[in-house]
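Undergrad: These are the residues of each chain, in order.
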Amino acid sequence: MTLLYLFAYLSILIFLLLIGRKLIKYSSMPVHLRWELYPVAHEANKNEYGGSRYEEINWWEKESRKDHLAELLVMLEEIFLLKGVYTNNRKLWYFSYPFHLGLYLIIATAFLMLSAAVLNVCSVVSFVDPHRTLDAALFYFTDVAGFAGILLTFIGCSGLVVMRSTDSKYRQYNAPVDFINLAFIMVLDLSIFLTLILSNGSFVLSKEFIRNLVTFNFTPIREPFFAVHIILISLFLIYFPLTRMTHLFAKYFTYHKVRWEDEPNLGGTNLERRIKEALNFGVGWSAPHIESGKSWGEVATKLPSEVKR
Amino acid sequence: MKTRRVSPVSPANSIREFVEVDMPPAVMSPDDYLKLPHPYEDWVDQPIRELTADQKERLECSLDGLSAIGMIKPGTEQEKEERVARFLSGLGKLFTKENNWTFLQPLLLSMENCLKCQTCAEQCPIYISSGRKEIYRPIFRGEILRRIINRYLKPGGKFFHVLSGSDFDLNWETIARLGELAYRCTLCRRCAQACPIGVDNALITREIRVLFSEELGLAPEELHTSGSMKQLKTGSSTGTNPTAMLDIVEFIQEDMKDLYGIDIKMPIDKKGADILLLHNFGEYLSWPENVMAFAIIFEKAGLNWTLSSELGGYDSVNYGLFYDDVQYARVALEHIKVAKDLGVKKLVLGECGHAHKSLMPIADRLLVDDNIIPRESAFSLLEQIVFSGRIKFDPGKNDFPVTLHDPCNIVRSMGIVEPQRRILRKLCPHFVEMQPHGVRNFCCGGGSGFAIFQGKNFPDWRNAISFRMKFKQVLDAFRDNIEPSTKKYVCAPCSNCKGTFRDGFNYYKAFEKCGIIYGGLVELIVNAMVDVKQPFIKWEVK
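Residue numbers (the working numbering), protein chains in the order written: chain W, 1 to 309; chain G, 1 to 542.
Any given hint might turn out to be false.
Here are the simulated BS3-like cross-link-like pairs (lysine-lysine), alpha carbons at most 27 angstroms apart as the crow flies [unchecked claim]:
| hint | chain 1 | residue 1 | chain 2 | residue 2 |
| --- | --- | --- | --- | --- |
| 1 | W | Lys25 | G | Lys80 |
| 2 | G | Lys513 | G | Lys56 |
| 3 | W | Lys22 | G | Lys538 |
| 4 | G | Lys233 | W | Lys308 |
| 5 | G | Lys538 | G | Lys257 |
| 6 | W | Lys25 | G | Lys487 |
| 7 | G | Lys340 | G | Lys265 |
| 8 | G | Lys487 | G | Lys513 |
| 9 | G | Lys456 | G | Lys426 |
| 10 | W | Lys257 | G | Lys154 |
| 11 | G | Lys513 | W | Lys91 |
Selected chain G positions facing chain W (in silico; Cβ < 10 angstroms) [stated by the list, open to error]:
| hint | residue |
| --- | --- |
| 12 | Leu88 |
| 13 | Ser89 |
| 14 | Tyr328 |
| 15 | Pro484 |
Rather than coming from a laboratory, the hints here were simulated on the basis of the structure. Everything numeric in this text was worked out from a predicted model, so none of it was measured. Backbone N, C-alpha and C fix where the C-beta goes; we use that ideal spot for every residue, glycine too.
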């Protein structure tokens, strides 16, 4: 049974490493040409209609003012309400929203369990037998959030599976792996539900397991179904970073590093230094007019040999 | 915006068929096209002309019977195999920082994170106008590319290709169709704007074009040989050299005097001027009134400005933006060199959308050291002039309905939304917005080079399909005065958009049936000037 705990630790470690690798990959890329898309949420006084500082005369002399609160609000609407899907694809939103909300609640449940375990280790809460208000609040809120999460995820995931497998506009674009992802989540959701049912309507087993993980107490797991549940969750943690489900992390980059990335190059900045670095990359394209083998800076400043003036 | 749904999904041309050697070309049926409002209820579109037998024999046209690139079919199986190998080699380069630092991060994010939720589909004017042809669905080309990558570039692709839907052997015909398909999207980025993840199918499309051009040397003649190459050789994609440019300016000045009694000598190559004004050279040749109007406004406002007759100084066109980063960079640096040599304080872009985007945000990450010269939109400058009180206006002279087309490159990609509107609200008492407008606008249908594709049967497709949504918007905006006796003006402050309106309006006989013409922003400004006695806007088919 110690192996189960070790597998859980390993899966968490692999999860963190793979996610970390992906984040490093996205964040360590060279500077790219500007490719923003309006409205840019942080454009002060102009974000409502999609304006930019380019609207102003001698814009480069004006101080850049960023509305970070507006940007945060747009992010919150997008993350917690899936506003983009609501506005542009309502039919999908009816399933996608409960699906995502359910997942958020399940993640929140896991964090609540982890918090309770840590607080218990610190002797702040009694953990599984609540007497005081804080104990009870943590205890029951975890159960409520967990149950709601399971239910919403199930409804949303079922709807998405049905839509993606019956509606031809989705079906042919979904590869088997896309259905495998949804099926995995569905199985996981059912296994969480089973642990709830088989532990008398509460997540006592899960709470204990997390506490054991935190305290390195490898108490044997007696219930076979719970052992299977732990294996499933561990496998999912390893599988998740390898899939498109990591879009929740990628979205930060698509918005903040592309869509809303409007930093002007006014010279003498770190941005200009990064551009100079990129201009030193060697060009290796094969088309005759490129005349590769030189750096970008050289290729761009030299006319192709077929151009005779 | 409500649009009529013709059929939920066109059953033809699935991904599965697309990767086969023999895909039946998609058929454009006028009956499926987006329906137009009054007075076009009974409008009958002509079918898109077929290519000639010789063209069909020689050119890759199996996508939909069109050939934008003009790709010659390989003669032998060996040649096909070589091209497949070169395509795959180029595909690999597309994801290296050395070869594609310019768009690597946005491209990779878009390729790895599309959830195929189809939120983008209903944003695409071409997809909707065509009657929702499957091949024009915004994610279609990205998905083909993704499956090729999964099969041939990803580790384990050989073993897991069934799981990723990539269980096919790549053939030249599929690649050729993919290349053509990259020229059925105007890169308007409306799909990207709607994507909840931030995936940009327009960028993926552009990068397919880059791969074809920079690795295979395949690009539409209008963009490459007769576009950026000709511009680098002669100074303009129209082939106009500096001497001819000076002659044309002389003609325009004479016309200005003869037609409007305005005697202005446009400053040319004036060292130390505050402003270098850079027009799309199409304005000089097709819409000289636009060049005149700028000159009138700038002179009346007392600006210290100049035009340039140097190579790179009189044509703001930069078609590299649409298909090739190297060609783009070469042309952009030519533009900058002229501004630097003249010692101007700023370079101002005239009414050309892609020139705005090319020299302002995109060039921003290309220029270093003393090449960093301030660049500004004419719209901001014009707004300042109009509201400065330096020129007297009588808005009553613009006593006709006006609507505004938002060029995607200036509005959605740069956020220049209000200056042109504030001018129109002040000078045009009957200004009415299209729906949707501003950053949510629809493309004119001529974006990304389509406006200048005049070869073979492409104009038929552009007029009937890619321009169609914009035309519907225009008709809707003017629906209360749609009769031809009320003259109406579409303000399209972009040369390529104007080219699209010109051809599209002629195709739909918009002036005869509805009394609609198009033109730029500066023409409306000059038309409202008290000092200009003759009406500046001519109500005639252009």
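Undergrad: Each of the hints needs a verdict: does it hold here or not?
TA: Verification of the hints:
For the given pair, Lys25(W) sits about 35 angstroms from Lys80(G) by alpha-carbon distance, which is inconsistent with the 27 angstroms threshold. For the proposed pair Lys513(G) and Lys56(G), the alpha carbon gap of about 36 angstroms is over 27 angstroms, so the pair is violated. Among the hinted pairs, Lys22(W) with Lys538(G) is inconsistent with the structure: their alpha-carbon atoms are about 59 angstroms apart, more than 27 angstroms. Restraint check for Lys233(G) and Lys308(W): the C-alpha separation of about 6 angstroms stays at or below 27 angstroms, so the hint holds.
Under the criterion of a C-alpha separation no larger than 27 angstroms, the hint pairing Lys538(G) with Lys257(G) is consistent with the structure, at around 16 angstroms. Note on Lys25(W) and Lys487(G): the hinted pairing is violated, with a Cα-Cα distance of about 57 angstroms set against a maximum of 27 angstroms. A hinted pair counts as satisfied when its Cα atoms are at most 27 angstroms apart, and Lys340(G) with Lys265(G) qualifies at roughly 23 angstroms. Straight-line distance between C-alpha atoms of Lys487(G) and Lys513(G) comes to about 11 angstroms, which keeps the hinted pair within the 27 angstroms bound.
Distance restraint check for Lys456(G) and Lys426(G): the Cα-Cα separation of roughly 43 angstroms exceeds the 27 angstroms cut-off, and the hinted pair is therefore not satisfied. A hinted pair counts as satisfied when its Cα atoms are at most 27 angstroms apart, and Lys257(W) with Lys154(G) qualifies at roughly 25 angstroms. Taken as a hint, the Lys513(G) and Lys91(W) pair is broken in the structure, with Cα atoms around 39 angstroms apart against an allowance of 27 angstroms. With a cut of 10 angstroms, the hint placing Leu88(G) at the interface with chain W is violated, because the nearest CB-to-CB distance is about 12 angstroms.
Checking Ser89(G) against chain W: minimum C-beta separation of about 7 angstroms stays under 10 angstroms; hint holds. Because the smallest distance between the Cβ of Tyr328(G) and any Cβ of chain W comes to about 9 angstroms, under 10 angstroms, the interface hint for this residue holds. Hint on Pro484(G) is violated. Least Cβ distance to chain W is approximately 34 angstroms, over the 10 angstroms limit.
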